[in-house]
Amino acid sequence: MAFLMTAAEALTEEINNIGNIDTSETMENLEKLKDVDPNKVVEYFKGKIPDFISFGMTVLLALVIYFIGSRLIKLLRRIVRRSLERSQVDTGVVQFVDALVKAIAYAVLLLTIISLFGIETTSFIAVFGSAGLAVGLALQGSLANFAGGVLILALKPFGVGDYISTGSSEGTVQQISLFATKLLTVDNRAIIIPNGDLANSTITNITKEEFRRLDLTVGIAYQADLLRAKQVLEQIYRKDACILQDRPIQVYVDSLGDSAVVLGARGWLEAANYWDTRWRILEQIKLQFDAEGIEIPFNQLDVHIENMSSQNQ
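Heads up: the sequence shown begins at 20 in this note's numbering, then just goes up one per residue.
By construction, these hints were calculated from the structure, which means they are not laboratory data. These numbers come from a predicted model, not from an experiment. You may find that some hints are simply not true.
As the list claims (entries may be wrong) - Below, computed lysine-lysine pairings styled on DSBU-like, alpha-carbon distance capped at 35 Å:
#: 1; residue 1: 121; residue 2: 227
#: 2; residue 1: 93; residue 2: 175
#: 3; residue 1: 227; residue 2: 201
#: 4; residue 1: 305; residue 2: 93
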């Protein structure tokens with residue numbers, strides 16, 4: 020009951036305050052409104068109509084540009100992803116490049132839309148440029164590897180599964196990332212090479228082409244039957260199942276060494292069969308030459324011992 024009495028007193032006080040409002044200020048404002056010319060108001064808004072229309076057209080154009088630009092960005096990202104996937108690069112690289120392309124493309128689109136409203140974009144570009152320069156100076160080595168990775172992905176001098184040789188190492192490409200490339204050697208050792216070093220070195224892609232030529236040399240003694248040795252060597256090449264018989268097979272005298280006549284042989288085969296065929300043919304050369312009595316000479320050292328005591332006498 021006491022609560023209701025307190026509420027009633029507060030309501031009564033508010034009603035009294037309303038009655039005490041000074042109406043002079045309100046009347047003064049109403050008098051000012053009477054002095055306003057309606058024609059001037061209409062003319063004012065008529066003058067602003069072109070500005071409203073121009074702003075509306077700008078907004079509409081910005082929406083159209085955003086719609087078209089976003090579709091083009093999606094198309095660009097799809098093309099980049101498919102290109103990287105065909106190169107068999109790591110999934111993480113595909114995702115990173117996709118995110119990078121998306122960020123750069125939308126930044127360009129945003130700056131284009133901002134410029135439509137008359138906002139100066141040079142300040143934004145200057146800020147981005149300064150930030151990029153600072154980051155670049157701090158990460159020179161990493162950026163060099165990143166640039167090398169981009170060049171490798173763009174130029175495609177090799178791909179995953181290729182056997183490559185550089186100045187210091189060689190192996191089968193297992194993984195291509197943006198900063199480094201992983202090679203696996205024939206004895207199952209993993210080699211991680213920074214992409215900056217790869218981009219600045221000479222790379223031999225041994226398995227890029229489907230076919231490869233097998234060149235071998237073997238020395239025979241000067242007293243051995245040269246013509247028979249050439250026949251045996253040619254027969255070994257022609258009987259091997261991996262040597263392509265529809266391509267030329269050559270057997271020739273490569274050089275006349277100090278202790279041997281060096282014969283050379285050439286034949287073509289599929290690159291995937293190179294090493295197995297090489298090892299097999301080398302074994303056959305030794306076995307066939309032994310069977311034919313063709314000597315394969317080797318370096319020998321003759322030691323002459325002089326009796327110094329007899330010379331002194």
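_Hints violated by the structure (listed by number, smallest first)_ = 4
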